[in-house]
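K.L.:
Sequence:
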Amino acid sequence: MYAKCGEIDKARWLFDRTDKKNVVSWNSLIAGYLKNGQPKKCIDLFQEMQLGGFKPDDVTVSNVLGAYFRSRLVDEAIEVFNLIKNKDKVSWTTMIVGYVQNGKEEDALNLFAKMLAEGVKPDSFTISSVISSCAKLAYLCNGQVVHGKAILLGVDNDLLVSSALVDMYCKCGIIKDAWIVFDMMPSRNVVSWNAMIRGYAQNGQDLEALVLYEKLLQQKLKPDSITFVAVLSACNHAGLIEEGRIYFDSISKRYALVPTLDHYACMINLLGRSGCMTEAIDLVNNMPHEPNSLIWSTLLSVCAIKGDIENGEMAAKRLFELEPLNAGPYIMLSNMYATCGRWEDVASVRSLMKSKNVKKFAAYSWIEIDNEVHKFVAEDATHPQTEIIYEELGRLIKKLQEAGFMPDTKLVLHNVEEEEKFASICYHSEKLALAYGLIKNPHATTPIRIMKNIRVCGDCHMFMKLVSKVIGRPIILRDSNRFHHFVGGSCSCKDYW
1046 MYAKCGEIDK ARWLFDRTDK KNVVSWNSLI AGYLKNGQPK KCIDLFQEMQ LGGFKPDDVT
1106 VSNVLGAYFR SRLVDEAIEV FNLIKNKDKV SWTTMIVGYV QNGKEEDALN LFAKMLAEGV
1166 KPDSFTISSV ISSCAKLAYL CNGQVVHGKA ILLGVDNDLL VSSALVDMYC KCGIIKDAWI
1226 VFDMMPSRNV VSWNAMIRGY AQNGQDLEAL VLYEKLLQQK LKPDSITFVA VLSACNHAGL
1286 IEEGRIYFDS ISKRYALVPT LDHYACMINL LGRSGCMTEA IDLVNNMPHE PNSLIWSTLL
1346 SVCAIKGDIE NGEMAAKRLF ELEPLNAGPY IMLSNMYATC GRWEDVASVR SLMKSKNVKK
1406 FAAYSWIEID NEVHKFVAED ATHPQTEIIY EELGRLIKKL QEAGFMPDTK LVLHNVEEEE
1466 KFASICYHSE KLALAYGLIK NPHATTPIRI MKNIRVCGDC HMFMKLVSKV IGRPIILRDS
1526 NRFHHFVGGS CSCKDYW
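One rule links them: number in the numbering used here = place in the sequence shown (from 1) + 1045.
In case anyone wonders, no lab produced these hints; they're calculated from the structure. Since we're looking at a predicted model, the values are computed, not measured. A few of these clues could be false.
[Stated by the list, open to error] Simulated DEER-style distance windows between Cβ atoms: (1) GLU1447 to LYS1134: 52 to 62 Å; (2) ASN1380 to MET1046: 55 to 65 Å; (3) ASP1102 to GLY1164: 14 to 24 Å; (4) GLN1264 to GLY1449: 46 to 56 Å; (5) GLN1430 to GLN1264: 47 to 57 Å; (6) GLU1287 to ILE1350: 50 to 60 Å.
[Unchecked claim] DSS-like mimics (lysine-lysine), calculated; alpha carbons at most 25 Å apart, straight line: (7) LYS1443 to LYS1510; (8) LYS1420 to LYS1181; (9) LYS1181 to LYS1221.
Where a beta carbon is used, it is the ideal one built from N, C-alpha and C, also for glycine.
Using the sequences plus the hints, can you model the full thing?
P.N.:
Here it is as structure tokens:
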């Protein structure tokens, strides 16, 4: 009782004075520590229990697994899980959820497959966690398979599962299927509405996102902080500055919520990209919160787009202090200098990176073909079918050149010869992924779906638009900012990303 009421110290006092302890009393206290956000004490008590000669049961193990994952001790959790002889649904689900919470989505999918092979029946919580893994990885085929499993188990209309499905289809760029699931939900909460509103915003249907927000209000539901991130993002992508101001003000004035750093970042982005840089800087300086890396990186990104070197340098320097080993700000500032031809400053930034041992992260793209994921980096030569991939890409480039397209070598931010620039920009990872997709599905009418871990460059964006027109086939590209739906030479982002 004490543990469940949050009086964990009283629970421990009473436990220590109990002469006849059993597994149930140990489990009660272990679960209490976990519930009260003290995973380290939960683990310590588990070890104390074993030293006392008590044998843990499935309830003990499930709680301890959760504690290990909250302490990010993944290897230790795996060891405990492997010791369980008769793994039940709870232990399998705890392990899967732990993987998802610790960014190991592929491990979660593999474990789910093993769970099914062992004949253990998953519940709605298991299914929703696996669907979330598919969403984060944008693995559409896997997500559709799990959706089918949810239907067979009769949990597809469960609120948790259906909300996860909406989110998954949105994050895979299949907005129509997301809407079908959303529309068929027997009941909805703010989480499910948020998933659909955010999905519309991410996929270039910004006005639809705002319309859906108004429908949420008509249902007498109160929006939360996540709702407003989605709404402000829609305003940002659509360039709706006045509407954005109104929505931002309503967070505190109409709904008595405290605007978060995410909301401020959205407004700084909207103001800066709409040409109101002075107002954006004032917002940063007058925030009730101390600006964090999200705020400064948002400002730096806006400055990079607008070519504002002065404010960009200020934002970058703040990021160097907050995240000295994060390569992103160094690269962005270096690219800003390179765009202006300030090669000495470029060299200075790179020298600073070297002196601090800052490692540049790898940019890559991936494409899912026949349930198998293929990853590419720029100028990749590791794929088994590299030769024919480059041949296909060469044919595409030739077709586009005949139509008047020339790669924009000005976007290659290195002081090298023109021929080297041409080769560098032609073989970016998303272009290689596109070529492979066309090789594997040359005559299909379905869209080619590509994922990229950073923002797509301007040349690749133009390239995808023209390819969609020349070959008459839709291309869906998800980068770190949003989805780009290329159809007939146009993009859903309207060149604003």
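K.L.:
Of the hints given before, which are not true for this structure?
P.N.:
6
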